[in-house]
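K.L.:
Sequence:
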Amino acid sequence: MKQEKLSLNDVLIRPIITEKALILREQRKYVFEVNPLANKNLVKEAVEKLFNVKVEKVNILNMKPKPKRRGIFEGKTRSWKKAVVTLKEGYTIKELEGEH
214 MKQEKLSLND
224 VLIRPIITEK
234 ALILREQRKY
244 VFEVNPLANK
254 NLVKEAVEKL
264 FNVKVEKVNI
274 LNMKPKPKRR
284 GIFEGKTRSW
294 KKAVVTLKEG
304 YTIKELEGEH
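So for the sequence shown, the numbering used here puts the first residue at 214; every next one is plus one.
One should not assume that every hint holds.
Said to hold, decoys possible - Computed list of lysine-lysine pairs in DSSO-like fashion (alpha-carbon distance at most 27 Å, straight line):
| hint | residue 1 | residue 2 |
| --- | --- | --- |
| 1 | Lys289 | Lys270 |
| 2 | Lys233 | Lys253 |
| 3 | Lys242 | Lys267 |
| 4 | Lys233 | Lys218 |
| 5 | Lys281 | Lys218 |
Simulated from the structure, these hints should not be mistaken for lab results.
Given these sequences and hints, build the entire structure.
P.N.:
What follows is the structure, encoded as structure tokens:
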């Protein structure tokens with residue numbers, strides 16, 4: 214099965230801003246929601262080009278849907294892909310730290 218080439222702008226969807234993700238930033242780890250077709254190499258290349266940093270490693274997790282209910286209506290959340298990007302020593306993503 215041939216996989217279409219994603220542009221670097223299509224790889225990263227949004228940063229994940231949670232309490233756990235903010236704690237990980239102290240260890241130079243940043244969490245992003247990424248395109249379901251993206252792999253570790255694409256995520257690394259996108260982060261390095263878009264934020265002008267050096268990436269040490271990338272971990273990817275497939276987030277499974279969770280059951281949800283609102284009254285009598287039942288459903289599931291969508292499945293999505295999460296990437297935890299570890300930067301090399303001395304690098305930070307200023308756009309996500311609030312420094313411009």
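K.L.:
Run every hint past the structure and note whether it holds.
P.N.:
Do the hints match the structure? See the list:
1. Lys289 - Lys270: Cα-Cα ~31 Å, so violated.
2. Lys233 - Lys253: 21 Å, holds
3. Lys242 - Lys267: 12 Å, holds
4. Lys233 - Lys218: Distance ~32 Å between lysine 233 and lysine 218 Cα, so the pair is violated.
5. Lys281 - Lys218: Distance of about 34 Å is beyond 27 Å: violated.
Checked against the numbered hints above, the structure breaks hints 1, 4, 5 and satisfies the rest.
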